[in-house]
Amino acid sequence: QKEVEQNSGPLSVPEGAIASLNCTYSDRGSQSFFWYRQYSGKSPELIMSIYSNGDKEDGRFTAQLNKASQYVSLLIRDSQPSDSATYLCAVNGPQGGSEKLVFGKGTKLTVNP
Amino acid sequence: KAGVTQTPRYLIKTRGQQVTLSCSPISGHRSVSWYQQTPGQGLQFLFEYFSETQRNKGNFPGRFSGRQFSNSRSEMNVSTLELGDSALYLCASSPGQGGYGYTFGSGTRLTVV
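Top to bottom, those sequences are chains A and B. First residue of the first sequence? That's 225 in our numbering, and the numbers climb one at a time after it. First residue of the second sequence? That's 25 in our numbering, and the numbers climb one at a time after it.
Among the clues, some could well be false.
[Unchecked claim] When the alpha-carbon atoms are kept at most 20 Å apart in a straight line, the in silico SDA-like pairs for lysine to any residue are as follows:
#	chain 1	residue 1	chain 2	residue 2
1	A	K280	A	P305
2	A	K329	A	P238
3	A	K266	B	Y34
4	A	K329	B	L112
5	B	K37	B	I50
6	A	K329	B	S51
7	A	K266	B	R87
8	A	K329	A	S276
9	A	K329	B	Q68
10	A	K291	B	A26
11	A	K329	B	G108
12	A	K329	B	R133
13	A	K332	B	Y34
Bear in mind the hints are in silico, worked out from the structure with no lab data behind them.
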């Protein structure tokens, strides 16, 4: 059973701080990795994708991937109250082109003004 | 560009009834996946369709079924509804080549009474 694990939180950071969200996955053959943000009462929204080891930056967001350690992280710099949401880690495995994603249960982030 | 459209947004059904949910993917997207989201279990994969064929299936009972039409629109059906089927049902579309991640619709909130 392929699994994706995240700390459920809640994670609370002050405005302007760096929020660090972590995720581990069990399928060593996984190829694609995603972070989704889900506001309360809304559907998940894709915010970052990463496919190779290292860092990928997009604005205030940085995704980090370490395939040897089966570890993915998301850093949010200069956190804003509007970043308060649940962050979902998702992994796509080597399934012959299938788009199936396995999701973690999410980490709830609260950014305090 | 229109997003993923799910109808209806809300449904209330009685135990034992059946329900059909509809999803129109982003134009040009050939892969449609369905997820069930509950507070306790998070996002659980139901099935994925690509070019009218079921490409992947999750661990749900046979009461849950789906299909995809030639225009990529998809429906999912749940027969003999149980109280535990109450959840947010999310449809997601992607180009279908693997590794792009999903765009989610707004979801259908199903309540079984």
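Regarding the pair K329(A) and S276(A), is the alpha-carbon distance no greater than 20 Å?
violated, 23 Å
Measure nothing beyond the straight line between the CA atoms of K329(A) and G108(B); if it is 20 Å or shorter, mark the hint as holding.
Distance ~18 Å between K329(A) and G108(B) Cα, so the pair holds.
Verify the proposed pairing of K329(A) with R133(B), using a straight-line Cα cut of 20 Å.
holds, 19 Å
Mind checking the alpha carbons of K329(A) and P238(A) for me, to see if they're no more than 20 Å apart?
Roughly 23 Å between the alpha carbons, so the hint for K329(A) and P238(A) is violated.
Would the hint linking K329(A) and Q68(B) be met if the CA-CA limit is 20 Å?
Given that 20 Å is the threshold and the Cα spacing comes to 10 Å, the pair holds.
Please work out if K291(A) and A26(B) have their alpha carbons no farther apart than 20 Å.
The hint is violated at about 35 Å.
Next pair to validate is K329(A) with S51(B); report whether the Cα-Cα distance is within 20 Å.
Outside the cut-off at roughly 29 Å; violated.
Given the hint that K332(A) pairs with Y34(B), does the C-alpha gap stay at or below 20 Å?
Violated. K332(A) to Y34(B) sits at ~25 Å, over the 20 Å cutoff.
Is K37(B) close enough to I50(B), meaning Cα to Cα at most 20 Å?
violated, 28 Å
Under the criterion that the straight-line Cα-Cα distance not exceed 20 Å, is the pair K266(A), Y34(B) satisfied?
holds, 13 Å
Is the hinted pair K280(A) and P305(A) satisfied, with a Cα-Cα distance of at most 20 Å?
Outside the cut-off at roughly 23 Å; violated.
Compare the distance between the alpha carbons of K266(A) and R87(B) with 20 Å, and conclude whether the hinted pair is satisfied.
Given pair K266(A), R87(B) is violated - Cα atoms ~26 Å apart, limit 20 Å.
Going down the numbered hints, you'll see the structure goes against 1, 2, 5, 6, 7, 8, 10, 13, while the others check out.
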